[in-house]
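Engineer: Protein chains in written order, with our numbering: chain A, 1 to 661; chain B, 1 to 661; chain C, 1 to 661.
Careful, some of the hints might be misleading.
[What the hints assert, rightly or not] Listed below are several chain B residues computed to face chain A (Cβ distance under 10 Å; list not exhaustive):
| # | residue |
| --- | --- |
| 1 | Trp39 |
| 2 | Asp94 |
| 3 | Thr148 |
| 4 | Asp280 |
| 5 | Asp371 |
| 6 | Ile388 |
| 7 | Thr390 |
Source of the hints: derived by calculation from the structure; they are not laboratory data. Virtual Cβ for every residue (Gly too), placed ideally from N, Cα, C.
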Amino acid sequence: MRLGVCYYPEHWPESMWEDDARRMKALGIEQVRIAEFAWSRIEPAPGEYDWGWLDRAIDVLGAAGLKVVMCTPTATPPKWLIDRHPDILPIGADGRPRAFGSRRHYDFSSPSYFEASQRICTAVAERYGRHPAVAYWQTDNEFGCHHTVLSYSPAAVARFREWLKARYRTIDALNDAWGTVFWSMEYRSFDEIDAPVATVTEAHPSHRLDYRRFASDEVARYNRMQVEIIRAHSPGRPVAHNFMQLFTEFDHYKVAADLDVASWDSYPLGALEEQWFAPDVKARWLRSGHPDFASFNHDVYRGMSKLPFWVMEQQPGPVNWAMWNPAPLPGMVRLWSWEAFAHGAGCVSYFRWRQAPFAQEQMHAGLNTPDNRLDVGGNEAAQVADEIRTVLASNGDANAAIRSKVALVYDYEAKWLFEIHPQGADFHYPRFAFEYYSALRALGLDVDVVPVDAPLDGYSLVVVPPLPVVPDDFAVRLARSGAQVVLGPRTGSKTRDVRIPTNLPPGALASVLPARIWRVESMRPNVTEGVRLADSQQASVADGLARHWRDFIDSDAAASLDVRARFADGHPAYVRSGAFHYFASLFDDALTVRLFERIAREAGVTTLQLSDSVRISRRGALTYAFNYGDDTHTLTDVADDAFVIGSRALAPQGVAVYRSR
Amino acid sequence: MRLGVCYYPEHWPESMWEDDARRMKALGIEQVRIAEFAWSRIEPAPGEYDWGWLDRAIDVLGAAGLKVVMCTPTATPPKWLIDRHPDILPIGADGRPRAFGSRRHYDFSSPSYFEASQRICTAVAERYGRHPAVAYWQTDNEFGCHHTVLSYSPAAVARFREWLKARYRTIDALNDAWGTVFWSMEYRSFDEIDAPVATVTEAHPSHRLDYRRFASDEVARYNRMQVEIIRAHSPGRPVAHNFMQLFTEFDHYKVAADLDVASWDSYPLGALEEQWFAPDVKARWLRSGHPDFASFNHDVYRGMSKLPFWVMEQQPGPVNWAMWNPAPLPGMVRLWSWEAFAHGAGCVSYFRWRQAPFAQEQMHAGLNTPDNRLDVGGNEAAQVADEIRTVLASNGDANAAIRSKVALVYDYEAKWLFEIHPQGADFHYPRFAFEYYSALRALGLDVDVVPVDAPLDGYSLVVVPPLPVVPDDFAVRLARSGAQVVLGPRTGSKTRDVRIPTNLPPGALASVLPARIWRVESMRPNVTEGVRLADSQQASVADGLARHWRDFIDSDAAASLDVRARFADGHPAYVRSGAFHYFASLFDDALTVRLFERIAREAGVTTLQLSDSVRISRRGALTYAFNYGDDTHTLTDVADDAFVIGSRALAPQGVAVYRSR
Amino acid sequence: MRLGVCYYPEHWPESMWEDDARRMKALGIEQVRIAEFAWSRIEPAPGEYDWGWLDRAIDVLGAAGLKVVMCTPTATPPKWLIDRHPDILPIGADGRPRAFGSRRHYDFSSPSYFEASQRICTAVAERYGRHPAVAYWQTDNEFGCHHTVLSYSPAAVARFREWLKARYRTIDALNDAWGTVFWSMEYRSFDEIDAPVATVTEAHPSHRLDYRRFASDEVARYNRMQVEIIRAHSPGRPVAHNFMQLFTEFDHYKVAADLDVASWDSYPLGALEEQWFAPDVKARWLRSGHPDFASFNHDVYRGMSKLPFWVMEQQPGPVNWAMWNPAPLPGMVRLWSWEAFAHGAGCVSYFRWRQAPFAQEQMHAGLNTPDNRLDVGGNEAAQVADEIRTVLASNGDANAAIRSKVALVYDYEAKWLFEIHPQGADFHYPRFAFEYYSALRALGLDVDVVPVDAPLDGYSLVVVPPLPVVPDDFAVRLARSGAQVVLGPRTGSKTRDVRIPTNLPPGALASVLPARIWRVESMRPNVTEGVRLADSQQASVADGLARHWRDFIDSDAAASLDVRARFADGHPAYVRSGAFHYFASLFDDALTVRLFERIAREAGVTTLQLSDSVRISRRGALTYAFNYGDDTHTLTDVADDAFVIGSRALAPQGVAVYRSR
């Protein structure tokens with residue numbers, strides 16, 4: 001558990017650097033990320049490097065006892081490089097280059113940029129790889145931000161063709177796999193295949209999904225190149241990348257596999273505004289963020305990080321980039337920080353040390369205001385630094401690794417597939433995964449978020465949000481785990497080539513859940529369907545509502561299943577076969593929590609009934625409680641002397657840490 | 001009355017074909033449409049034809065006693081053809097080619113594609129034109145789908161200039177007709193005229209309407225080329241095209257004039273979701289479709305078909321292409337089928353035999369599921385096949401032609417003109433035509449939908465939704481018919497060159513309706529205006545509401561008119577002159593029904609008062625009743641022994657057929 | 001005070017001209033604007049001028065005793081010119097030329113067009129500059145209409161680079177001013193700088209604001225070229241341009257500085273529909289327009305006009321260009337006309353004499369219908385002409401200049417800056433300026449709208465809507481004026497280079513208002529914050545609501561301020577320091593009026609409490625009262641014999657003119 005900060009010495013007079021470093025250290029900050037946007041200062045003209053300022057900046061930080069997270073500066077190629085190699089610019093879906101003048105104006109498939117990146121990364125890694133103050137590395141910055149994973153350039157298409165060749169070997173195999181016979185879309189050679197863009201109506205879904213997979217692999221390849229250069233020149237220093245909150249445009253598991261630290265950038269208020277939440281939900285959590293949103297991301301990135309994950313950028317106050325940008329309530333910066341540690345974070349690093357008074361992000365708060373006074377977020381960071389010392393001294397095994405009883409299977413291709421092939425316009429995978437996660441958290445459960453190929457042994461409950469493509473061994477691994485398994489609708493509904501399984505959904509899961517899905521329907525937002533539990537206590541009223549989607553389960557197959565709930569028209573809504581529970585729709589929040597509670601009980605997992613604003617996490621021997629609401633919450637079942645931080649009365653925006661019973 | 005199905009042997013192993021054909025026949029299917037998307041299998045490489053598989057498929061179908069509807073495969077030119085002739089691709093309004101990778105990626109004006117189409121049509125027609133199993137033909141597939149009527153290619157512009165020359169002869173005549181003096185848009189030669197696209201503000205409305213007319217004529221020319229080739233090689237076989245539901249981007253009358261059969265593709269649930277209906281209406285008819293939507297299309301296409309019209313594609317279950325895709329209620333596939341026959345259909349052909357498990361439409365249901373089990377729709381089709389035998393045996397003259405007492409004038413240019421020149425943003429012609437149609441149907445009336453140049457003799461009531469351009473002889477033909485005539489607002493408001501008539505609206509109709517329209521106003525959606533009938537029974541409350549539009553009728557002219565209703569501010573809302581009734585606005589549904597009922601009575605036409613979910617049609621000596629609602633409807637005034645199908649108690653989603661009194 | 005009309009002799013047979021001129025004169029019209037779209041008739045082919053028709057048209061008008069407002073025809077370059085110089089077409093943000101076929105298809109930076117404009121303006125000015133009937137000139141027509149201020153052409157970029165060189169002199173100065181070090185956006189020479197368009201994420205705000213300033217300066221330069229040519233050839237004739245209502249895409253003060261008359265085109269109903277007003281507000285004022293909208297524009301353009309401003313185009317009936325186009329209530333054309341005179345107009349000129357029956361604007365009403373009968377608007381114009389005579393004869397100093405006690409500071413760059421750099425998505429500057437104006441008008445106050453560099457002496461109250469950039473001397477000038485000063489939120493929040501001031505907001509105003517703004521937040525539309533006045537009479541209820549935005553005022557600084565209101569969470573909402581009043585948010589209408597009333601009282605300015613539909617203006621010795629509502633309003637405090645027009649009972653849509661007490 002430690003604090004960090006993001007710092008841009010190149011934005012400030014050199015005369016301020018020493019004082020900045022001193023004040024960081026005094027505040028309790030231990031690591032400082034630098035230089036991820038500094039290419040034009042490192043190499044102001046082609047081949048002319050200016051290391052002096054950066055040498056001095058690192059020396060100042062090191063002299064103050066701070067550890068540096070050194071970045072490669074590839075997120076912002078300078079103008080002279082673009083002018084020399086215009087093919088670096090990514091090509092949009094409209095066929096036009098995306099221009100210089102902001103950031104991330106590069107195409108992952110551009111050979112010119114790959115070469116230029118190798119050169120600058122090598123230069124930086126050679127110079128600082130063994131510098132004593134440089135303790136960690138970050139590759140690039142926020143891969144994919146601003147919709148930059150996909151490019152439709154000739155370079156991308158050329159590499160896509162190679163990617164397809166490697167995957168399918170023959171063009172006949174591709175035609176067969178995709179089913180190009182439909183609409184005479186058959187290809188005679190890989191060289192006939194273009195990017196799936198600008199077609200008259202929707203392009204072929206298999207073509208589109210492969211293009212997404214290809215583009216994701218390009219990100220992994222580009223990151224791997226950087227990691228290899230860094231490792232060659234900077235042995236022993238962990239390499240991180242800062243992923244984005246709930247970002248899904250590439251497969252993060254594949255990129256994280258090459259890293260030591262998966263870190264992410266946490267902006268709870270900006271996320272609330274920009275994500276799918278309804279306007280009333282956005283107003284409800286306006287200045288605190290949704291109680292489960294940062295948690296979900298913590299659990300996502302913890303799962304893919306070899307070392308403890310970090311929050312590389314923590315929102316310290318209002319940001320600039322959402323449609324509307326409210327100010328966090330007092331105490332929220334502290335709460336968010338502790339929530340990260342409670343979920344296993346090794347470091348929480350604030351973005352940024354001081355608000356920049358110019359350029360695109362000048363309205364983004366820092367720990368200090370532009371006139372260099374400590375801001376509210378800075379004061380709260382100082383409080384957290386103090387509290388870390390208290391917690392570390394509590395013998396609570398505060399830095400313990402986390403392993404939960406509950407696993408939630410989370411997948412990136414699922415997002416792409418449902419986006420490409422929605423069948424219902426609002427079938428938004430991350431939302432549904434989040435809603436399942438949120439229901440588990442409302443029951444006080446700690447959750448591991450895992451990929452579909454993760455080992456599942458040791459879990460008591462495995463929850464699978466809608467997962468269209470399941471691996472061949474998934475049923476076996478689930479069954480062997482001994483866990484109770486909840487499967488969301490549409491699970492097993494597609495093959496990896498985006499086809500309907502020969503035996504219909506749930507396809508490869510039919511061996512454990514013999515429920516032939518013979519029909520589906522998507523429901524518009526103003527339509528719901530009542531759901532009645534088989535053991536309902538209510539004579540005529542529905543126990544809950546189905547929304548968005550319905551799988552129709554064959555009634556013959558259903559005869560061998562335990563039908564635990566039905567839709568108003570009699571079709572099965574929730575069926576069970578042994579330890580496998582299949583939800584044929586997306587239920588409202590209350591019903592989802594109620595069903596998860598029942599299944600958790602069957603799994604032997606103890607649950608709580610938390611209000612929507614209180615959340616509990618456990619790490620090591622300590623329990624962490626957080627109050628996102630407006631009213632004081634009284635913690636019961638905790639001994640008075642168990643508190644390390646806080647007390648029974650958990651104030652609004654309050655944090656308590658106590659020894660678990 | 002017979003059933004058909006759409007079938008894609010190229011999607012399935014040849015080993016399945018015989019069983020498919022046998023099961024089709026056993027189900028009661030008589031005709032099978034094939035090959036409309038099979039170009040890449042018929043001609044896998046330039047000039048290399050592979051007829052073998054298609055020969056065998058047709059033989060298998062023929063051997064099973066099925067009749068084949070053979071299609072030209074021009075809706076999906078293969079990749080090799082596009083690569084050889086990139087000018088085949090249509091050019092979008094953004095100036096970019098619309099790419100290969102889905103379907104309909106061709107420009108109707110492309111000389112390359114015209115030539116390639118001639119070649120492939122000739123090849124197919126030569127090979128199968130006299131095949132004994134081939135009984136019918138279909139040209140291409142769904143002309144214009146995915147916004148493909150308009151292209152902005154150099155080829156289209158070149159042909160547009162020729163089209164203009166033929167229409168106006170001299171550039172001075174064009175400048176005069178359009179009024180290009182406005183804003184100095186005058187042309188010195190036809191070669192100066194471009195497509196009306198990408199202009200700084202709206203392009204000239206006369207220019208735009210002529211471009212729409214031109215593009216429509218291009219579709220007719222392209223279809224005519226195919227029909228002529230087919231007729232030359234396949235004498236005696238009727239030629240059809242499958243139009244789309246309420247599709248209006250080209251003049252269907254002109255295309256149908258070259259065909260024997262006008263057929264259309266009926267997807268009641270997809271249409272409900274995609275058309276203009278308000279969200280609550282979409283929820284109300286979610287799984288049945290709107291009670292008047294399929295009917296309206298039946299009556300539209302019946303009117304332009306030389307032989308009895310067909311439903312070439314009938315929705316058999318959920319589809320894949322709407323924003324949300326609900327499942328039809330049990331019974332709806334049967335109801336939709338009978339409704340088509342009740343409106344005069346010769347054939348109802350289901351789309352498709354078996355759901356394809358791959359490519360863009362894999363979520364589109366068929367009569368069979370992808371694992372080859374008969375689906376709900378398949379069972380209902382079998383029931384319809386049985387019932388057809390019963391009805392044909394009833395001596396009810398079931399295949400009789402239909403001729404109604406009521407005609408509704410329906411026009412394509414009206415749609416384009418109001419779209420180009422709306423004056424009120426929501427003045428959506430097909431919606432208003434549909435609302436008039438629906439009001440007539442609520443009165444139990446059978447309706448002929450006719451073009452503006454149709455003979456009108458024999459009708460008792462002629463209803464004209466807003467029709468901006470009326471032919472010179474329209475007033476005379478209407479007057480001679482002896483019918484009561486209802487004219488919607490904006491009727492006669494423009495000349496064919498998109499000008500205001502010299503005498504102001506209703507222009508050429510002033511001879512029969514001397515109502516000078518000196519001003520108009522459009523009303524935003526949250527504004528209505530009360531309407532009071534001249535003989536209102538209510539002292540102060542409005543009898544109904546005017547919406548969207550108001551024509552202001554000159555008070556001097558109005559003095560010679562019978563003012564039957566006024567707006568709240570005193571302006572005439574409904575005036576009558578002899579048999580001519582002019583509505584100065586679009587009234588709410590209830591008021592529209594009430595006025596139509598009164599005028600029908602004046603026309604000597606008997607009406608019923610049907611609930612919004614029950615509909616009645618008459619064909620031959622039989623009456624057909626349909627229940628779209630959730631409650632049983634009791635049919636009165638029918639003798640118990642009159643029922644051929646069903647009974648007095650018309651269940652939800654139920655059908656009854658009985659001998660008319 | 002006089003009336004005018006816009007007339008297009010080229011649209012009508014020459015045989016009608018004399019009668020038109022005679023009827024204009026008889027109606028009371030004194031001036032006629034012509035020829036602004038007539039280039040293709042003046043020069044039908046390159047270099048071939050046809051002056052005959054225009055000579056005769058001017059002679060006819062002059063002979064009837066009418067004064068001509070002669071226009072340059074540059075808003076509509078003819079097709080032959082575009083074909084010769086395709087670089088005239090502006091380039092859109094999508095990189096594509098905006099095509100010929102409507103109007104304003106020219107790039108202000110195109111050298112070809114600049115040269116062609118010089119040529120045609122010289123030709124017109126030479127021919128008619130000394131014609132006795134030509135009394136005034138208009139340059140071009142509605143600069144910037146249809147989003148034509150900005151172009152992204154190579155010509156524009158080349159001129160932008162020159163503009164930047166002139167502004168910054170060295171590239172280092174530009175890099176420093178903008179802060180391009182952020183995201184490595186540094187430039188090595190001016191030639192590396194492109195237009196800020198098509199970037200991956202938002203382009204640099206300083207870059208964007210400079211591009212807007214540059215584009216605005218291009219308009220001024222283009223207009224100045226025309227004015228100089230006219231003045232050289234037509235000495236003594238005032239030169240006008242017709243600006244658009246609330247148009248903000250260029251700095252109107254800079255363009256008006258080169259003119260004699262600032263005129264504007266008033267379409268109250270079209271504006272209501274197209275501007276930001278909520279749907280219920282649009283319905284409320286559907287057929288009258290918003291009571292403060294035309295007034296606001298009158299006051300804007302009065303302030304920048306050397307001679308009395310004009311309404312160059314007055315809506316005479318329904319227009320064609322809004323989404324919906326209602327008809328004005330009877331009396332509104334008269335009311336609008338008198339409102340213009342009440343605000344200081346020298347002329348009200350109706351658009352147009354007769355509705356054109358062809359082309360894009362055929363549904364735009366005129367004083368006469370297309371069949372040449374006087375329309376309602378024409379009759380009301382005749383009434384106004386009569387009433388002008390009465391008013392002029394009243395010894396009320398009717399043509400007096402207006403100078404108000406209250407000034408509202410209105411700025412164009414503020415609009416651009418908040419649009420480029422919003423921080424809250426709905427921070428729409430013209431709306432907020434209008435709401436302040438409207439609150440002042442509800443208090444019965446006459447308002448001068450002035451630029452930020454206007455002399456402020458003599459005002460009692462100065463209201464400053466959110467003004468991000470303030471001149472260095474603004475604080476001093478405000479303080480010296482002796483006025484009470486209201487500053488909206490975000491005032492002083494940016495430097496001219498779009499940076500946060502070193503001392504934080506209010507930046508250069510801190511000398512008079514020592515209120516350090518250390519944080520801001522924007523609020524989404526479904527969020528408000530209660531506001532309590534320091535002297536609130538209510539125990540627990542809020543006195544009003546804050547919306548959209550909050551400035552957080554440093555509590556230490558606030559200690560030296562008079563905190564007159566607080567937000568519900570205790571932060572200051574309204575602080576006062578001497579004569580300076582700072583609003584930290586945008587309050588609801590009622591609270592804004594209440595606070596303005598209190599401050600006006602402190603400023604010694606007498607206020608009224610007007611209902612939302614009655615408005616009062618004063619000019620010379622006369623007071624003008626207008627009733628926008630549906631109910632008769634009784635004027636009190638007016639002697640019976642004081643009325644020049646009207647009486648105490650001010651009917652709906654009524655006008656009264658009376659001698660001020």
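Engineer: Decide, hint by hint, whether the structure agrees.
Structural biologist: Against the structure, the hints:
no.: 1; hint: Trp39; verdict: holds, 5 Å
no.: 2; hint: Asp94; verdict: holds, 7 Å
no.: 3; hint: Thr148; verdict: holds, 6 Å
no.: 4; hint: Asp280; verdict: holds, 7 Å
no.: 5; hint: Asp371; verdict: holds, 5 Å
no.: 6; hint: Ile388; verdict: violated, 26 Å
no.: 7; hint: Thr390; verdict: violated, 29 Å
Against the hints set out earlier in the document, violations occur for numbers 6, 7.
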